[in-house]
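A.B. asks: Next come the chains, spelled out residue by residue.
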Amino acid sequence: MNLTIDVTNKEHKSIVALSGEIDAFTAPKLKENLLPLTKEEGQTIEVDLQNVNYMDSTGLGVFISALKSTKEHGSELKLVHMQERVHRLFKITGLTEIMNIDSTVQGGI
Amino acid sequence: MSTLKLDLENYKELLKEYIRTKDEQALYQAEQFSKHSMQHNISPEEIINIHVQALQEIYPEMPSDIQASMNFLLETMISYGLAYQEHQALREKQLELKSELSVAANMQKTLLSTVKPDFDGIDIGAISVPAKQMNGDYHHFVQDQEGSLGIAVADVIGKGVPAALCMSMIKYSMDSFPHKRMEPSVILESLNRVVERNVDSSMFITMFYGLYNSDDHKFYYSSAGHEPGFYYHHKDEKFSELDAPGLVLGVTPDAEYRQYVQTVEPGDMIIMLTDGVTECRQGDRFIEPEEVLEILEKHMHLPAQQMVEQVYKHFEKLQDFQLRDDFTLIVIRREV
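Each protein sequence line maps, in turn, to chains Y and A. To convert, note that position 74 of the first sequence is 156 in our numbering; the numbers rise steadily by one, no gaps. To convert, note that position 218 of the second sequence is 1005 in our numbering; the numbers rise steadily by one, no gaps.
In short, the hints are calculated from the structure, not lab data. Positions of the beta carbon are idealized from the N, C-alpha and C atoms, including for glycine. Mixed in with the good hints, there may be bad ones.
Below 27 Å or equal to it, Euclidean Cα-Cα: the simulated DSS-like pairs (lysine-lysine) are [to be verified]: (1) Y/Lys113 - Y/Lys160; (2) A/Lys1104 - A/Lys1085; (3) Y/Lys173 - A/Lys1025; (4) Y/Lys150 - A/Lys1025; (5) A/Lys919 - A/Lys799; (6) Y/Lys111 - A/Lys919; (7) Y/Lys111 - Y/Lys173; (8) Y/Lys113 - A/Lys919.
Negatives, chain A to chain Y, calculated, CB over 10 Å [stated by the list, open to error]: (9) Glu873; (10) Ile944; (11) Glu1014.
Where chain A lies over chain Y, by a calculated footprint (3+ residues, C-beta under 8 Å) [as the list claims (entries may be wrong)]: (12) 85-99; (13) 176-182.
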């Protein structure tokens, strides 16, 4: 299974739309695309996870790296449209407490 | 070079034989000759050299143009010879790395080995199986000075060698903590600081830490973002989740961990696991948490060690004997 990454850049905001599975095979590609975006001060990076039905812990690792990088560079990370199965992973690992996750949308808890 | 000379004679005879009979047998001999040459690190251009010499002896009258063309061929083969040498060197290197990796895997086994302790009145079962050569899961039993049993179950995100190295660090940090009272929340807070300072930002660790006091049968536990375990209430014949919210180790330096307590009645069971159990997939289908409980329940009548082994066998079979993730399962039961 593959992961498609679509990045739309607006002023002060990048929207990263993901589609597919985030696992050990696709995580490096996501990291490569996501991390540079977090290095711009004042930038908001919105990751749309509507079409991501599976993520394993390697994927979580990418988002943790990204979160740490936003803190370091003064940017902001936001995860939106997260599906329930993926949300469970963020909840168990306690990341829902420290990440900006929009859980008001369909499929979220 | 006497062996090579011998080989030249041999080669010449073979060549003559073949030219005369066009026999398959001679071709087979040629194949053997080239295998033998490889074993002795003889390069392709040396074989051509032998061929040229043999030709000269068989056909002393060979036209000089043909002879010249042979020298030309010899020259063109030299790069192949070099590539072949490089290939040989890489093969040796690869064998070396492979054996080093297996030494490392063995060393990890020794470093991280833990002895399942014998405790009066509690039955303990534990199994941990790596998906690849090195295990990114870790479990550890430790008895503190007051006679309580500490149990750690952890999962390093990221697999293979880096994860294994990281585990060794965790194990040694835990060993260096004072062996008085191993309070789960204190242990996780200390470990969190160690991991935060020492590990790459994309690597993190989840850990469940439990402390079983065998005097009053109280079980204290905290979790750093680890897959929740289960608790079996013997009296009600019901499972519940051992949920203990907490952040994974290594994300922020000041994470705090709440400690929970559960009184363990006779026949009750504590089940600790890693996500290799709950994230099990059958083809494209994920198994549901209820299925994990069903399987646990099915084998519950067995002694704890047999129980974990049977549950493992079930999931191994479900995944066609190809584990996608490391698998760790621990069962602790207060005897009736």
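A.B. asks: Taking the earlier hints as the rules, which of them does this structure contradict?
C.D. replies: 4, 5, 10, 11 and 12
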